[in-house]
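A.B. asks: With these hints in hand, go ahead and build the complete structure from the sequences.
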Amino acid sequence: MRAGGILLPIASLPCAYGIGTFSKCAYEFVDFLQRAGQKYWQILPLGPTGYGDSPYQSFSTFAGNPYFIDLEGLVEAGLLTREECDAYDAEENPQYIDYEKLYATRFQILRKAFKRSSLDDDEAYKEFLSENEEWLDNYCLYMAVKNYFGGISWKQWEPGIQKRTSEAVENYRKLLAEEIDFYRFQQFWFQKQWYELKQYANDHGVDIIGDIPIYVAFDSADTWANPELFQFDENGTPTGVAGCPPDGFSATGQVWGNPLYDWEYHKRTNYTWWKKRMERCFRLYDVVRVDHFRGFDEYFSIPYGADTAAGGHWEKGPGISLFNELKKERGDVRIIAEDLGFLTDSVVKLVQDTGYPGMKVLEFAFDSREESNYFPYTYTQNCVAYTGTHDNQTVQGWFQTLPKEDYETAVCYLDVKSGEEREIHWKMIRAVLSSVADTAIIPMQDYLGLDDEARINTPSSLGGNWVWRMDQGALTRELEQKILKLARIYGRA
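Using the numbering used here, you'd call the opening residue of the sequence shown number 1 and step up by one each time.
Misleading hints may appear alongside valid ones.
To be verified - Here are the simulated SDA-like cross-link-like pairs (lysine to any residue), alpha carbons at most 25 Å apart as the crow flies:
#1 LYS275 <-> GLU127
#2 LYS126 <-> PRO66
#3 LYS24 <-> GLY160
#4 LYS192 <-> HIS313
#5 LYS126 <-> GLY78
#6 LYS115 <-> GLY78
#7 LYS276 <-> TYR265
Said to hold, decoys possible - Quick list of the computed label-pair ranges, beta carbon to beta carbon:
#8 ASN202 <-> GLN481: 54 to 62 Å
#9 ASN171 <-> ALA251: 32 to 40 Å
#10 ARG35 <-> SER166: 53 to 61 Å
#11 ILE320 <-> ASN202: 39 to 47 Å
#12 TYR200 <-> ASP353: 35 to 43 Å
#13 SER434 <-> TYR27: 26 to 34 Å
#14 ASP121 <-> ASN171: 27 to 35 Å
#15 GLN481 <-> GLU264: 52 to 60 Å
#16 GLU196 <-> GLU315: 21 to 29 Å
#17 ILE489 <-> ASP89: 36 to 44 Å
#18 THR476 <-> LYS101: 38 to 46 Å
In case anyone wonders, no lab produced these hints; they're calculated from the structure.
Glycine residues also receive a C-beta, built at the ideal position from the N, C-alpha and C atoms.
C.D. replies: The following block contains the structure:
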């Protein structure tokens with residue numbers, strides 16, 4: 001069925017107190033999506049962020065980001081006052097997330113709410129603990145110990161707790177019991193509020209497209225609690241890390257630094273960890289976009305400690321066997337395979353064998369450095385089409401910086417006449433919506449016609465990423481009606 005949606009990270013919502021949350025503004029965005037004829041709200045990963053603030057480098061692949069907890073919801077629950085929330089407000093610029101200030105204040109106000117909470121007799125809380133015990137206990141202990149040691153990586157903790165000896169684990173559970181409960185409190189409220197928001201979206205005809213990175217961060221509860229899942233030596237040090245090889249875009253490649261999976265172990269255990277991970281995902285989301293899908297076919301292994309990817313090599317991934325196991329466990333699930341970039345025949349076959357839709361990004365169509373299958377006339381129905389993603393420039397920013405040859409191709413293909421340059425985002429949006437792709441997703445910044453000041457992320461760069469927030473008055477009636485009209489014209493409403 002043809003449908004459309006909008007990509008907008010939770011963090012980018014124009015909510016109070018410095019960052020987007022599961023508050024009233026999130027519900028208002030759902031209402032906007034419904035009135036604009038949109039079926040999908042695509043977001044970025046919801047995990048707790050660490051250094052660099054990237055949602056793709058999280059302290060846990062199962063936990064939720066406490067920054068997204070709606071403080072006004074805690075006020076309504078009698079755990080905080082509005083005056084206290086105002087005193088800990090992390091907002092200075094309503095279009096910018098100040099993560100440093102957020103980190104310095106948000107946990108203080110959450111701790112106030114925690115100290116006033118009484119969850120011991122709360123049946124919903126008991127049910128939450130029971131349902132999530134396996135990952136929750138490890139995550140909360142990990143975060144409590146991490147704070148105890150001043151935030152350093154688990155590889156630098158004292159040997160007993162680093163290696164998780166039973167004696168050390170028991171000692172730290174007793175020593176840090178209150179801190180562990182604080183992290184349980186955060187995860188309870190995160191899940192409670194998110195489930196309520198997701199239910200509201202579903203009741204209003206909007207499905208949530210979630211997003212998961214293929215890899216986990218090295219400094220995470222996942223690696224600390226389950227080292228057997230990864231390519232580690234006997235000391236818990238990675239033998240290889242993830243990245244991508246040198247190419248025309250990067251002479252030295254990219255070193256991401258994430259630990260690589262021990263796929264032989266996963267296969268021997270019938271991919272039990274992956275089944276649990278995806279079960280969690282499909283509780284949180286209706287559809288799951290899996291980042292770097294080609295890594296399941298082949299992954300690039302770089303020696304640990306290398307500064308560049310030049311010395312790396314390709315290894316075989318699990319291939320279709322993982323997805324066959326997932327299908328046995330869950331049946332047909334809605335997954336989007338992020339298959340952007342250079343694809344070998346075997347990757348193409350893997351995506352086809354799974355039946356999952358791949359991705360098409362229209363901005364890529366006009367890159368003269370390589371042949372493109374991103375022009376709409378090459379699309380099939382079973383794909384998800386975008387103007388750009390969170391890793392791309394906004395359409396306006398992209399168009400303003402195009403090389404001459406690419407600019408001329410874009411102007412010709414999109415029929416941009418002199419004086420229409422400021423409307424290029426609508427030309428691109430129409431090209432995506434009118435394509436045969438079953439699903440078309442447009443970033444909110446492109447519907448708003450914003451330039452690169454609103455860009456979410458520039459890959460392989462540090463600083464200035466993940467900080468954009470939408471203006472409070474951006475969701476106008478006029479914009480809503482224009483989006484709805486296009487959705488109807490192109491059969492997506």
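A.B. asks: Hint by hint, work out which the structure violates, then give me just those numbers in ascending order.
C.D. replies: 3, 4, 8, 9, 11, 16 and 18
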